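Asker: Residues per chain, in single letters:
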Amino acid sequence: MTPNEPLVYVVDDDVAVLDAIRLLLRSVGLQAATYASAADFLGAFDPEQAGCLVLDIRMPVMSGIELQERLHGMGAMIPIVFVTAHGDIPMAVQAVKSGALDFIPKPFRDQDLLDRVQEAIGLDRQHREELADLAALERRYESLTAREREVLELVVAGKANKVIAAELEISQRTVEIHRGRVMEKMRARSLPQLVRMTLRVRTPPTP
Amino acid sequence: MAPTTRNAPTATPGLDALIELVPVALIHTDRTGECVWANERWCRLTGLSHEEALGYGWLEVLVPLDRERALAYHSSASHITEVEVRDVFQVHTRANRMRLVASNIVPLLDDRRTLTGHLCACVDITEREQSEQALRALTHAYRERLKELDCQYGISHTVEVSGGSLERILRETTDLLPRSWEYPDITCARIVIYDLDYRTASYRVTPWRQSAPILIQGRSAGYVEVGYLEERPVKDEGPFLAPERRLIDNVAERLGRIAERLITAERLRDQEQQLRERLTHLSRVSTMGEMASSLAHELNQPLTAVATYAQALRRLAVSGSMEEAELLSVLDRIAAEAIRAGNIVHHLKELVRRRETRREPCSVNALISDVEHLAAADARLHDAQLHLELAPELPAVHADGIQIQQVVLNLIRNAVDSMEDTAPPERRVLVSTGLHEGDTVLVAVSDQGCGTLEDQRDLLFQPFFTTKQTGLGVGLSISKSIVTAHGGRMWFTPNPDGRGTTFCFTLPSSGAQHDAE
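One line per chain: the protein sequences are A and B, in this order.
Start counting the first sequence at 1; every next residue gets the next number (our numbering).
Start counting the second sequence at 1; every next residue gets the next number (our numbering).
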């Protein structure tokens, strides 16, 4: 399987529940990888793999909440859908506050789980696309020369060509050439777009 | 002999005075029974004058029944002419008093051995007879009293050795009764209290019987009956004596009191037993209550699996993308999960149901394995892990399985609760079994918890003592009384590594139990 084809990781200490969820996912054509413990999952988890995680909140040794913390620590962005028993609602709410996509009480309607899983997969895809965009942008930014980057900073700071030429002690004409190069290299169609791109590269979004 | 003169027999002067000195009343009759002489003492005895006594006058003081007999002794027609006769007569004196007189009648013979008359020497034995009669009556009364005491003692002894068995007291008292009646050999007895009915072997309904009601709390509860199998002379009450009436009344009253006491004690024991069983049940339900969310979770798992399987199947069926073999396999899995849920409910019902104590040979390991699921679910809910270390091939114990499971669950619950401040990875409960002191089965439950404070040690097994926020505080005390009732012991020790506590209890193996019985 290629990393781009989504895979649904399922972790639950109850093998019957695990098996049933796998079957349900298969019924809508989703691939699932099932694990009976958090440790088993961590041993097999590939952060590059697109998809999401369906996670039982209450498990022996390492609970779902602890696994979520471990994934955060690793910088993994995989969206998590928690499945919970009724008594675990407060814990589930906490999990959502810590960034989980949602929680579904057991037993659940199949559509509810599938909707959340699809949503999580979409979110993951979006994350991955955004990451890819950012990487491309960074590559373009890296391709600028030192002088071009100086001109870009002053442009983004809102200074006119004349002021830039004076500050850099170059001709106004030269500023215009640099500026055209920057627009071209960054593939910006307008000044506002160039400003946005530059801000993104300088302050990458926190996960 | 000579004619009837006052001093007829006295031929010798001075003899008259001498005769009056003899403390005997004398009367002399001729061959026809006519009085020819009587001494002064005889006259004083009867109240007759000498003159009145003469002829047949002396007969008048005798009661009519005795007159003929007396005359017969004194006449020549009497066949007793050779020897002395002794008899007792009743004399009705002129002073209108009845006297009892013992008489020696001596025939008087002349030289040719011809009967000439009789000399009768009389002694007033009224007082003596009266005192003898009184003595006889006293002796009789004592004998009756003795029999009564014997009977009462017998009952007391029976009560003492019966071990509180009313049946035994009634049976032995029934057999005790006849020997206290006048004719033990023909006496039968029967005692009835409610549905208890005891009879002597010889018992039958006879016309000659007496009975006394047995009252319990003022209400008729039965009776004591004593009867003669044969007719006997009429006494105070039919053939029975007054003391026998007193005795039968006494026995009936006493049995009433004994029965009342025993029945009341039995009822109290029953009530106590019922209370104990209710408290045991309450404690079990309370433990289950504490485990409610674990149980809900435990039940939720198979239900989730069933629902999810079914919904997945429906989708796969609609899309037609499923092999028949797989379909069947999934259906089997659905059924298995439904049965798993059913088993949890069944087991729970078994644990919560109110029921009579029932002991049978059972395996401690199997009992523990049976509740492992439940206990593990509870442990998991508190981020603790349950480990079992069951020794193989333990002897069976004679026990009420549900109650032993109650004890185990209670200990595991306490162990889990004691580890609230322990880091989750270290929250471990270990349940182990093994042999202890020969053939006693030992169960130990150890935790990694906070341990027990020194000043709580004595309180731990007290009812309504608790260190928890929830719960009744009866769990440990009930557990201990369950174990004690099974002939086992319960105690606790701090763990050797200083971390947490181990609670232990023992149960005698069914073999040892039988030996003890």
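Simulated from the structure, these hints should not be mistaken for lab results.
Here the structure is a predicted model, which is why all the values come from computation and not from measurement.
Glycine residues also receive a C-beta, built at the ideal position from the N, C-alpha and C atoms.
Any given hint could be a false lead.
From chain B, some residues computed to sit far from chain A (all C-beta separations above 12 Å) [what the hints assert, rightly or not]:
{"id": "1", "residue": "ALA121"}
{"id": "2", "residue": "LEU149"}
{"id": "3", "residue": "ASN250"}
{"id": "4", "residue": "TYR309"}
{"id": "5", "residue": "ALA325"}
{"id": "6", "residue": "GLU326"}
{"id": "7", "residue": "ASP383"}
{"id": "8", "residue": "ALA396"}
Examples of chain A residues toward chain B, derived with CB under 8 Å [to be verified]:
{"id": "9", "residue": "ASP14"}
{"id": "10", "residue": "VAL17"}
{"id": "11", "residue": "ASP19"}
{"id": "12", "residue": "LEU23"}
{"id": "13", "residue": "SER27"}
{"id": "14", "residue": "VAL28"}
{"id": "15", "residue": "ALA32"}
{"id": "16", "residue": "PRO60"}
{"id": "17", "residue": "SER63"}
{"id": "18", "residue": "ILE65"}
{"id": "19", "residue": "ALA85"}
{"id": "20", "residue": "ILE104"}
{"id": "21", "residue": "PRO107"}
{"id": "22", "residue": "ARG140"}
{"id": "23", "residue": "GLU176"}
{"id": "24", "residue": "ARG179"}
Asker: Go through the hint on A:ARG179 and say holds or violated, using the shortest Cβ distance to chain B against 8 Å.
Answerer: 58 Å, violated
Asker: Any Cβ of chain A at or closer than 12 Å to B:GLU326, or is the non-interface label fine?
Answerer: The assertion about B:GLU326 is violated, with a minimum of 9 Å to chain A.
Asker: Does A:GLU176 hold up as a contact with chain B if the rule is Cβ-Cβ below 8 Å?
Answerer: Given a least distance of 62 Å, the restraint on A:GLU176 is violated.
Asker: Classify the hint on A:ARG140 as holds or violated, based on whether any CB of chain B lies nearer than 8 Å to its CB.
Answerer: Interface hint status for A:ARG140: violated (45 Å vs cutoff 8 Å).
Asker: Verify the interface restraint on A:VAL17: the C-beta must sit less than 8 Å from at least one C-beta of chain B.
Answerer: 5 Å, holds
Asker: Against chain B, is A:ASP14 within 8 Å by beta-carbon distance?
Answerer: 5 Å, holds
Asker: Please check whether A:ALA32 passes as an interface residue: C-beta within 8 Å of a C-beta belonging to chain B.
Answerer: 11 Å, violated
Asker: Can A:SER63 be said to touch chain B, with a Cβ gap under 8 Å?
Answerer: 7 Å, holds
Asker: Identify whether the interface hint at A:ILE65 stands, where standing means a beta carbon of chain B within less than 8 Å of its own.
Answerer: 10 Å, violated
Asker: Against chain B, run the beta carbon of A:ALA85 and see if the smallest gap drops under 8 Å.
Answerer: 4 Å, holds
Asker: Regarding the assertion that B:ASN250 does not contact chain A, is the least Cβ-Cβ distance greater than 12 Å?
Answerer: 71 Å, holds
Asker: Can you verify the interface hint for A:VAL28: is its Cβ closer than 8 Å to any Cβ in chain B?
Answerer: 7 Å, holds
Hint violations for this structure: numbers 4, 6, 7, 15, 18, 20, 22, 23 and 24, all remaining hints satisfied.
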